[in-house]
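The task is simple: from the sequences and hints, build the whole structure.
Letter 149 of the sequence shown, counting from 1, is numbered 149 in the UniProt record's numbering, and no numbers are missing.
No lab work stands behind these hints: they were computed from the structure.
There could be a bad hint or two in this list.
What the hints assert, rightly or not - List time: in silico DSS-like cross-link candidates among lysine-lysine, alpha-carbon distance up to 25 Å:
# : residue 1 : residue 2
1 : K450      : K437
2 : K437      : K393
3 : K325      : K119
4 : K185      : K337
5 : K119      : K185
6 : K325      : K789
7 : K393      : K337
8 : K450      : K433
Said to hold, decoys possible - Have a look at the derived ranges for each label pair, beta carbon to beta carbon:
#  : residue 1 : residue 2 : range
9  : E273      : A311      : 25 to 31 Å
10 : R725      : S507      : 48 to 54 Å
11 : S372      : Q528      : 34 to 40 Å
12 : I650      : D349      : 34 to 40 Å
13 : V509      : P468      : 21 to 27 Å
14 : A397      : S436      : 30 to 36 Å
Beta carbons are placed, not taken as given, at the ideal position from N, Cα and C, and that holds for glycine.
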Amino acid sequence: MKSKLETKIPPLRDIPLNTRPLTKRALTWSCDGELAVAADDSVHVFVPLIPDPSNVDDETDAEEDRDDVQEATDEGDGNNVDLRPAFLRQKRERVVRKQAQFATGQKQILVSHPRLHPKVNRELFEVAGLPFPHGDGGVGRQARREKDSDAESDDDSDVEGEQEDEAFTGGHGEEGATTTFGAGKGIITSAGSTLNHVVGMAWSPSGLGRNRRPILAVLTAAGYIAFYGDTTAAAKATSMSREDGTLKQRDLSSWGILFGVGEQLPVPGQPVEVNEKITGMAWAREVGPGQALLAYANDVQEVVVLSVQSASITSDADTGASKDKTIWTARELARFKAQGPHPPSNPWDPDWVPSGTCFGLRWSPWLNTLGSRTCLLSYFARNYVGFRKITLKTPWARVTDPDITVDESDAYGQCLHLSTDGFAEFEDAIWTKGRSKIVRGLIVTGFHVKPFEASISGPQPSSPLFNPNLHPTQACRTTYLDPAIDRPSTNPIVDLVTHPPDMLRPSAVPTFTLVRQSATSTNHDWFQTNAVLPDFTSSGGGGGAAGGGDLSEAKPQWAADLQQKLAVLVPADAHMRHTAGEEDDEEDDEPGDGEVSDEDVEDVDIEEAAAAGPEVHPARFRMHGLAVAPGGRATAVLVSGHSTQTPDRIGWWGLRSVVSFGSVGGRRMRKGEETSDVVTDPGLLRLTTEGRMWNWMYGGGEDVPGITSAAGDGSEGRGAREIFRDVIAAQRCDLCGGEMEVREQPGRHQGMSVCGQGHFFSTCGASGLAIQAPGISHTCGVCGVRTLKVDELLRRAPGLEERIREELTADVCGTCGGKFVD
1 MKSKLETKIP PLRDIPLNTR PLTKRALTWS CDGELAVAAD DSVHVFVPLI
51 PDPSNVDDET DAEEDRDDVQ EATDEGDGNN VDLRPAFLRQ KRERVVRKQA
101 QFATGQKQIL VSHPRLHPKV NRELFEVAGL PFPHGDGGVG RQARREKDSD
151 AESDDDSDVE GEQEDEAFTG GHGEEGATTT FGAGKGIITS AGSTLNHVVG
201 MAWSPSGLGR NRRPILAVLT AAGYIAFYGD TTAAAKATSM SREDGTLKQR
251 DLSSWGILFG VGEQLPVPGQ PVEVNEKITG MAWAREVGPG QALLAYANDV
301 QEVVVLSVQS ASITSDADTG ASKDKTIWTA RELARFKAQG PHPPSNPWDP
351 DWVPSGTCFG LRWSPWLNTL GSRTCLLSYF ARNYVGFRKI TLKTPWARVT
401 DPDITVDESD AYGQCLHLST DGFAEFEDAI WTKGRSKIVR GLIVTGFHVK
451 PFEASISGPQ PSSPLFNPNL HPTQACRTTY LDPAIDRPST NPIVDLVTHP
501 PDMLRPSAVP TFTLVRQSAT STNHDWFQTN AVLPDFTSSG GGGGAAGGGD
551 LSEAKPQWAA DLQQKLAVLV PADAHMRHTA GEEDDEEDDE PGDGEVSDED
601 VEDVDIEEAA AAGPEVHPAR FRMHGLAVAP GGRATAVLVS GHSTQTPDRI
651 GWWGLRSVVS FGSVGGRRMR KGEETSDVVT DPGLLRLTTE GRMWNWMYGG
701 GEDVPGITSA AGDGSEGRGA REIFRDVIAA QRCDLCGGEM EVREQPGRHQ
751 GMSVCGQGHF FSTCGASGLA IQAPGISHTC GVCGVRTLKV DELLRRAPGL
801 EERIREELTA DVCGTCGGKF VD
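Spelled out as structure tokens, the structure:
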């Protein structure tokens with residue numbers, strides 16, 4: 001029996017896009033359920049919709065619409081003919097438009113133009129107390145115009161300002177124009193860059209950005225990384241909408257460019273003349289609130305480790321009003337060579353094989369010890385995957401440079417035959433093996449998957465694949481692919497994700513799912529997994545709380561749908577008549593020439609299908625990326641459809657792709673319930689509230705305290721409210737001065753404070769104090785409860801500053817621990 005909140009969960013539906021990426025691994029999920037999808041010159045970001053838990057007792061129009069639609073469908077004639085009245089058909093269309101797992105107001109970030117200007121890093125140097133290496137960052141003339149608007153400017157200063165601006169406009173003399181020079185040491189790239197398409201994306205860990213939200217790093221072909229996230233200029237108060245039973249979500253209008261790294265964008269700690277072409281990047285696992293480590297590789301086989309931090313400050317303007325501001329710091333901490341044990345080669349060598357990659361960097365989970373945290377950083381070199389140990393000294397004080405140590409040599413490595421675009425993925429677990437603490441993972445060599453395990457602490461496991469001494473590839477037999485070990489394949493792996501491990505029943509190798517580039521009717525390796533989980537595709541599963549299913553190879557709904565479309569056969573002449581002479585219409589959403597829609601695959605005339613003649617499979621698909629949602633039980637794939645009979649003759653205006661979803665979550669797990677198919681993972685406890693909410697909705701995860709179930713026995717917030725017991729008793733109504741009392745609302749997550757004259761105010765979810773003025777509280781994006789800002793709590797409770805700072809957190813909800821939307 002579904003709860004009323006479960007009936008409000010938006011179903012997983014495909015997201016059609018009028019774009020297509022130029023890179024693999026073009027899909028990534030944040031820890032909060034935000035989905036980023038790469039295009040050729042832009043990135044789409046989608047924000048998930050979360051049902052309103054305080055509205056579960058209300059009968060909304062959406063529920064009535066669903067009942068009416070279901071009733072009308074049940075009364076049909078069984079031939080899929082819509083015999084419902086027009087008003088019911090309109091109702092269903094309206095409900096379908098409402099029901100989407102992501103908000104309709106997506107954010108499309110254009111990354112190819114304009115290029116990042118060096119001035120975006122000016123604040124980094126100001127915060128560090130260092131002079132900005134590029135003068136005023138190309139804003140000299142405009143700043144001087146504003147400063148000297150009431151007086152004549154000096155001619156010499158104008159000439160100097162124009163010379164500074166000229167250095168950053170590539171000689172065009174136009175303020176704000178982008179640079180035209182290249183980056184790195186390559187013969188071509190050092191003179192000029194490409195069209196600057198998207199190469200890779202990566203979400204930061206939770207807690208780094210404003211309101212503890214993650215930020216997005218985008219690597220472009222120009223050789224720099226741009227960081228996007230919530231800026232100070234946004235985040236106005238967000239109201240809640242009860243229309244469809246979901247909370248009003250932020251629309252990412254507050255997003256902007258925070259800073260950049262690479263090309264002409266040095267950060268503190270780097271020489272001014274640094275002009276790097278970045279070829280790969282990776283975030284470390286979560287370290288602490290407002291703190292993160294980032295590693296990137298350049299085109300001269302160096303790996304650089306940066307510290308990235310944020311801090312919220314309250315500045316008093318001239319008017320006396322307080323203003324929240326987020327400041328950022330970034331600094332280079334370490335740099336090491338990542339060349340591997342094999343001597344360099346060149347394209348004139350008859351044994352030369354290209355093996356470059358933009359995805360070679362990856363951080364392992366942290367091993368916490370007394371006074372330090374340790375992890376392994378993987379990198380790819382020529383026919384070699386190395387693992388370098390990095391130690392972070394703890395505690396790491398906020399807004400200070402961390403103390404890290406990078407070993408001078410690799411702790412472990414494997415010599416493998418590598419093709420292009422190889423990558424590694426770590427399992428999110430640390431295992432004990434004898435006297436060693438080890439991590440496991442998978443290496444994608446381009447066409448094959450190789451498991452590995454390496455020790456973070458203790459002796460390394462013996463392996464003949466690890467030879468740190470300098471040697472040719474002939475010595476380790478990695479010059480060519482060994483057909484006796486690896487089955488030849490011509491379908492490269494596009495993406496691979498690992499699933500949460502079962503710590504009580506460990507598997508021989510990490511549990512994973514992968515997709516290959518091409519999916520046709522003649523190949524069957526485009527989808528592979530070693531997961532043994534309930535398969536709900538046969539009973540209409542794939543999302544939400546489906547029931548039934550047998551233990552078998554896990555197959556998400558998108559894989560079953562693609563497999564069904566690939567199996568379709570149609571007469572060859574009928575297919576050609578159906579697609580011949582079609583013209584792409586830019587104004588509609590139908591696929592253009594060369595694209596394959598669902599109608600092309602499924603909507604075939606019955607008489608033509610029955611006619612004698614050769615039959616063909618009309619559809620083939622190309623994979624562009626695979627991502628796993630928080631919790632590891634829901635996946636998404638980015639795919640584009642193509643015709644097997646006609647060539648693709650389309651330009652950028654006809655590019656299309658689709659994001660499809662699937663889940664093997666099964667029925668909802670109740671608290672304390674024991675089932676044989678539940679994956680036991682301590683990592684689930686580390687999920688953010690938003691991540692746990694997504695896992696509850698689409699992964700069959702456990703209830704989320706404070707949202708889908710009561711927040712325990714109330715002991716979590718009792719200690720904080722005890723601090724304000726005397727303040728709550730002494731508070732008075734700001735309108736009439738009367739005494740106030742707190743009233744709990746049945747079925748609601750937030751109580752109300754009311755005075756004797758009937759003035760009602762919302763109650764702070766953390767302290768229990770009345771919120772009697774606008775602009776002094778935050779709204780949670782998960783449960784909708786408002787929480788007073790810390791500076792307001794300090795003002796209303798003088799003398800309790802120390803206890804407030806110890807017991808309360810300024811930037812998370814006091815009820816459920818969710819992140820704020822304002």
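Checked hints:
no. : hint                    : verdict
1   : K450 - K437             : holds, 20 Å
2   : K437 - K393             : holds, 19 Å
3   : K325 - K119             : holds, 19 Å
4   : K185 - K337             : holds, 15 Å
5   : K119 - K185             : holds, 23 Å
6   : K325 - K789             : holds, 14 Å
7   : K393 - K337             : holds, 22 Å
8   : K450 - K433             : holds, 20 Å
9   : E273 - A311: 25 to 31 Å : holds, 29 Å
10  : R725 - S507: 48 to 54 Å : holds, 51 Å
11  : S372 - Q528: 34 to 40 Å : holds, 38 Å
12  : I650 - D349: 34 to 40 Å : holds, 39 Å
13  : V509 - P468: 21 to 27 Å : holds, 24 Å
14  : A397 - S436: 30 to 36 Å : holds, 31 Å
Checked against the numbered hints given earlier, this structure breaks none of them.
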